[in-house]
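Undergrad: The listed protein sequences correspond, in order, to chains A and B.
When the count follows the numbering used here, it moves up by one through the first sequence with no breaks and lands on 371 for the last residue.
When the count follows the numbering used here, it moves up by one through the second sequence with no breaks and lands on 371 for the last residue.
To be clear, the hints were calculated from the coordinates, so they are not data collected in a lab.
Note that the structure is a prediction, hence the values are computed from the model and not measured.
Wrong hints could be hidden among the right ones.
Pairs involving identical chains hold if they fit within one copy or between any two copies, as the list cannot separate such chains.
[Unchecked claim] Dumping the calculated DSSO-like pairs for lysine-lysine here, alpha-carbon to alpha-carbon at most 30 Å:
1. K262 x K247
2. K149 x K262
3. K262 x K178
4. K244 x K262
5. K107 x K353
Protein chains: 2
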Amino acid sequence: MSRHPEFISRLDGPVLVIGTGLLGTSLGLALSRAGVEVYLYDISPTSQLLAQDMGAGRLWNGDLPQPALVVVAAPPDVVGELVIGALEQFPEATVTDVASVKSQIMKQVFAHPQAARYVGSHPMAGRESTGPTAADADLFVGRAWVLVKHPCTNPQAALQVLTLAQDVGAFVTELDAKTHDQAVALISHVPQLLSSILAGCLVNAPSTSLNLAGGGLRDMTRIASSDPRLWTAITTANAPAVVKVLKEIVASCTELIDGLAKAPVEPPTGVAQSAVHSVMLKGNQGVARIPGKHGEAAVHTAELGVLVPDAPGELGRLFNEVGAAGINIEDLRIEHSVGQRVGLAWLTVHQTKAVELSEYLESRNWQVIPA
Amino acid sequence: MSRHPEFISRLDGPVLVIGTGLLGTSLGLALSRAGVEVYLYDISPTSQLLAQDMGAGRLWNGDLPQPALVVVAAPPDVVGELVIGALEQFPEATVTDVASVKSQIMKQVFAHPQAARYVGSHPMAGRESTGPTAADADLFVGRAWVLVKHPCTNPQAALQVLTLAQDVGAFVTELDAKTHDQAVALISHVPQLLSSILAGCLVNAPSTSLNLAGGGLRDMTRIASSDPRLWTAITTANAPAVVKVLKEIVASCTELIDGLAKAPVEPPTGVAQSAVHSVMLKGNQGVARIPGKHGEAAVHTAELGVLVPDAPGELGRLFNEVGAAGINIEDLRIEHSVGQRVGLAWLTVHQTKAVELSEYLESRNWQVIPA
Numbered sequence: 001m002s003r004h005p006e007f008i009s010r011l012d013g014p015v016l017v018i019g020t021g022l023l024g025t026s027l028g029l030a031l032s033r034a035g036v037e038v039y040l041y042d043i044s045p046t047s048q049l050l051a052q053d054m055g056a057g058r059l060w061n062g063d064l065p066q067p068a069l070v071v072v073a074a075p076p077d078v079v080g081e082l083v084i085g086a087l088e089q090f091p092e093a094t095v096t097d098v099a100s101v102k103s104q105i106m107k108q109v110f111a112h113p114q115a116a117r118y119v120g121s122h123p124m125a126g127r128e129s130t131g132p133t134a135a136d137a138d139l140f141v142g143r144a145w146v147l148v149k150h151p152c153t154n155p156q157a158a159l160q161v162l163t164l165a166q167d168v169g170a171f172v173t174e175l176d177a178k179t180h181d182q183a184v185a186l187i188s189h190v191p192q193l194l195s196s197i198l199a200g201c202l203v204n205a206p207s208t209s210l211n212l213a214g215g216g217l218r219d220m221t222r223i224a225s226s227d228p229r230l231w232t233a234i235t236t237a238n239a240p241a242v243v244k245v246l247k248e249i250v251a252s253c254t255e256l257i258d259g260l261a262k263a264p265v266e267p268p269t270g271v272a273q274s275a276v277h278s279v280m281l282k283g284n285q286g287v288a289r290i291p292g293k294h295g296e297a298a299v300h301t302a303e304l305g306v307l308v309p310d311a312p313g314e315l316g317r318l319f320n321e322v323g324a325a326g327i328n329i330e331d332l333r334i335e336h337s338v339g340q341r342v343g344l345a346w347l348t349v350h351q352t353k354a355v356e357l358s359e360y361l362e363s364r365n366w367q368v369i370p371a
Numbered sequence: 001m002s003r004h005p006e007f008i009s010r011l012d013g014p015v016l017v018i019g020t021g022l023l024g025t026s027l028g029l030a031l032s033r034a035g036v037e038v039y040l041y042d043i044s045p046t047s048q049l050l051a052q053d054m055g056a057g058r059l060w061n062g063d064l065p066q067p068a069l070v071v072v073a074a075p076p077d078v079v080g081e082l083v084i085g086a087l088e089q090f091p092e093a094t095v096t097d098v099a100s101v102k103s104q105i106m107k108q109v110f111a112h113p114q115a116a117r118y119v120g121s122h123p124m125a126g127r128e129s130t131g132p133t134a135a136d137a138d139l140f141v142g143r144a145w146v147l148v149k150h151p152c153t154n155p156q157a158a159l160q161v162l163t164l165a166q167d168v169g170a171f172v173t174e175l176d177a178k179t180h181d182q183a184v185a186l187i188s189h190v191p192q193l194l195s196s197i198l199a200g201c202l203v204n205a206p207s208t209s210l211n212l213a214g215g216g217l218r219d220m221t222r223i224a225s226s227d228p229r230l231w232t233a234i235t236t237a238n239a240p241a242v243v244k245v246l247k248e249i250v251a252s253c254t255e256l257i258d259g260l261a262k263a264p265v266e267p268p269t270g271v272a273q274s275a276v277h278s279v280m281l282k283g284n285q286g287v288a289r290i291p292g293k294h295g296e297a298a299v300h301t302a303e304l305g306v307l308v309p310d311a312p313g314e315l316g317r318l319f320n321e322v323g324a325a326g327i328n329i330e331d332l333r334i335e336h337s338v339g340q341r342v343g344l345a346w347l348t349v350h351q352t353k354a355v356e357l358s359e360y361l362e363s364r365n366w367q368v369i370p371a
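Chain A with its partners taken away, still in its complex shape (with noise of 0.2 Å):
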């Protein structure tokens, strides 16, 4: 855990966690690694002293200093109220929460007389399990975490939160609860329910059907496997944003199924065929504005495919000579086929090395195919 000298929090005073979850046990040890005074809260006694035996702090007790900073890392249903008495309770605290849905709770904090030391937040760090077991000291590096203010947020509680979110690692973003909540239904809780949607398709499909099932399949319903509990939470607290777009799914769907309709069964006419090409030629237009690695315009980067005998350290070999190549693989995907003991990883390079790491592979009896 002393692995990171380069994470010491500029905060300055102790943090009160309320709710000791994945995301409060990671905050807990990410801070208590920086150096911080971590007091943990949880109603269940269970969770609590779990958290504390992790190392993610000390148990609150009124005995303790005040706090500077208090976040509420509670279900999201019960996030405004705890924010309220957090605000009550400690009168010189920022408090902020980390739920995934912020209209809902700031509309219910806006009204109280000391929202002004209110800041929300929501670090983008979800992961399929959950509890303080799951919890990492490393969960918010890297990672995007949205301030939320609102127009009468003390910019004192701003920039502790900034800090906050800067000392576990994470890089910040602000926008507007609307705008942040129109943009987690559209990036996150529609593609999580239409992913679920589809996976449900298959319930009641022959298994034959299933056995034909490649790699697309795969990518679209690889989230379908997340929690119901929390996806529920999460989704309802968020209805009319997911609404609007899941409106708008329902909409291009019935526009397919219209022009579909048209074709028969014979040669297909113009009209089903426009309405599918429509629907193609947008979803490449989408699917280029999402931002490469690093939010740089997507660089021009190869695929190579690699065939991968399913031998015990057949992939571990691969890997040992693609890095004795020395060229930077910008991405990875293994595909397996149903039925066959082999294996194909798609490596992504920049399309300047492609040529030269397919050359070297094969020299090593890799057998390459190119994209």
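Please arrange chain B on chain A, whose structure you already have, making use of the hints.
TA: Showing chain B alone in chain A's frame:
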């Protein structure tokens, strides 16, 4: 090209490939490598010359010996007439095609008096790039190849196409045309359209929203960059089956919208919660049905995240260390953060090996994050 002594064809005569795009040229390359005499024909003189130059075979002319097998590798809307043309022109030959939709073609061909010599094929070996220059002799290795017979199919013809598929390294699954088309609508065509529809919603989103995009959205939109022309042809040819699945998606979305609309802006009601919860739960069940690696029951795996600084060679260095650890890596994906020069590599290993790998990597000063 002589690296694969295992691929020696058991086909007993020349093969004529009609259509020298990605699939036709790849097939020509694979068969030529296996010692088969391959003839090439394409309506585009440039395309067939290019395929010949790449070593996929020699241009067809009437003076050559009759082919024993004809493979029609043309766009779906012309496959039916080309198959019938081939059955008539080569009265001794077996004829197959490689189109990704089968019912429509089967219906056209079945009425023909020579239909017994026709067997449908669908090698599951697409790729984003198209045309003969994207071809590769290894394109079919480890991929599924669906064989579609009809009640009058000559068993000898079916055996010939089975041999063809196996000779190029694919593994064969047999389905009837309708089952095949329903399967690919569910596992391939609708996932493609949904990915494009979701990506299409990003076209007008503010770039601040897109900057928050994480692994989930990236997974869900990866295939949205596919070729509009190709997918228009495929999905319109399979319109009835695609529409059926799309309607199921719309029904689920509509149920969700109705449920979520009942969630008031303040704490959510049971109706909205149960709508989302049942979608999430069904998604959990559906994704669990996708066969794991090699079609075996999913093994119990664990995921480890490793922080990778974006310095050149760092990912290579990780590969080196993972290779040296001698632990079989089941899967690997890279997650990038916007605005931070660090990435997360997620390694999937058998759960009994997770602690060992984690400790090994930490001993080499990697920052490891358990999932």
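Undergrad: With reference to the structure, classify each hint as holding or not holding.
TA: Now for the hints, and whether the structure bears them out:
no. : hint        : in the structure
1   : K262 x K247 : both (23 Å within a copy, 15 Å between copies)
2   : K149 x K262 : between (50 Å within a copy, 28 Å between copies)
3   : K262 x K178 : between (40 Å within a copy, 20 Å between copies)
4   : K244 x K262 : both (28 Å within a copy, 14 Å between copies)
5   : K107 x K353 : neither (52 Å within a copy, 48 Å between copies)
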